[in-house]
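Use the sequences and the hints to build the structure in full.
In order, the protein sequence lines correspond to chains Z and U.
Our numbering numbers the first residue of the first sequence as 1036 and each following residue consecutively.
Our numbering numbers the first residue of the second sequence as 833 and each following residue consecutively.
Source of the hints: derived by calculation from the structure; they are not laboratory data.
One thing to keep in mind: the hints can contain errors.
[Claimed, not checked] Only pairs whose alpha carbons sit at most 25 Å apart, straight line, appear in this in silico DMTMM-like list of lysine to aspartate or glutamate:
#, chain 1, residue 1, chain 2, residue 2
1, U, K911, Z, E1084
2, Z, K1129, U, E912
3, Z, K1074, U, E912
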Amino acid sequence: MDIVSLIANVQGMTVLAVCIVLGLAALGTAIGFGILGGKFLEGCARQPELSGMLAGRMFLMAGLLDAVAMIGIAFALYFVFLNPFVSAVTAAAKATVGH
Amino acid sequence: MNQTVAITPNEYIQHHLTYWTVGHGFWSLDLDTLLVSVSLGFVFFFSFWIAARKATSGTPGKWQNFVEIMVSFVDTQVKETFHGRNKLIGPMALTIFVWVWLMNFMDMLPVDLLPRIAAWLGMPFGANPEHVYLKVVPTNDLNMTFAMSLTVFGLMIFFNFKVKGARGYAKEILFHPFNHWTLMPANVLLRIVEDIAKPVSLSLRLFGNMFAGELLFILIALLPALIQWPLSFVWTAFHLLIITIQAFLFMMLTIVYLSMAHESHDSH
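Written out as structure tokens, the structure is:
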């Protein structure tokens, strides 16, 4: 197989992987925030005087929810722009052509 | 003076994702991260010190007010969460919160601003403007966030030894949560997994948020002008929230981990 179709193949797979990562991250975060927000609103409705403290705690939990999703997004975006798999293919191609 | 060669979007993005690295392999230093983080540390340290020097018990000025708000905020968090006695935790929590927030805030500056200034300053010294790489957000750098979280991890282990003693620490590792000598390997394994997950998640969370934020800014910078302004405004506003949450979270988790290092599980 020539190098161009190899690289295109790797990039196509990378695009699919990135889309799956981003989609699942968004899905998980959205559901998590929905449940968290719903519980927060319920808590505020039951005890309105605690709404300040509950809001602070909610943002704390929101940061934790975001964590793994953001890690996934960071890796996915890294694959899009600085694709290590394409560099590996290019390096291997250079090695075989070099000698 | 201006580059007449057009840069492709990909090159623009990759240019902005490259660090100003000096050295090779293990000893490569990201100079931009180091310089920006140290100078921001000095900014924080100096400005808070000025407030402490000029503190009056009469009507406080605006800066003293602000510093008092910060200090009392962190103090409340520490008092609520930390169940030990340690003089280090309060100042460290304040440092982590304000310093991480300041470092994250560098993301708010336009992506090209400081690199262009640096390139312009480097021209008299013969630096090629295309090879000036400056990433101004230190927490964007995995090295920075890991440095902070590994420091917290080291402090955790240190305080574990100091407060519980070697014997108490060993007892906690070997006999918690399963209190039977045949299940010691399971306890150790669970403890190892938990203790590795803490610094790794702490650093990767901050890194992921900041890296994704800056990458989105770079991507927005590539869009045509009409879409760019409203989108950039929306993302900037949201990112301000994320910056504050992430700095607050780093501080809270540090306090929680160090509190767990100070108390034994059996006391619950």
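Honestly, which of those hints from before does the structure not fit? Per hint list: single violation, 2.
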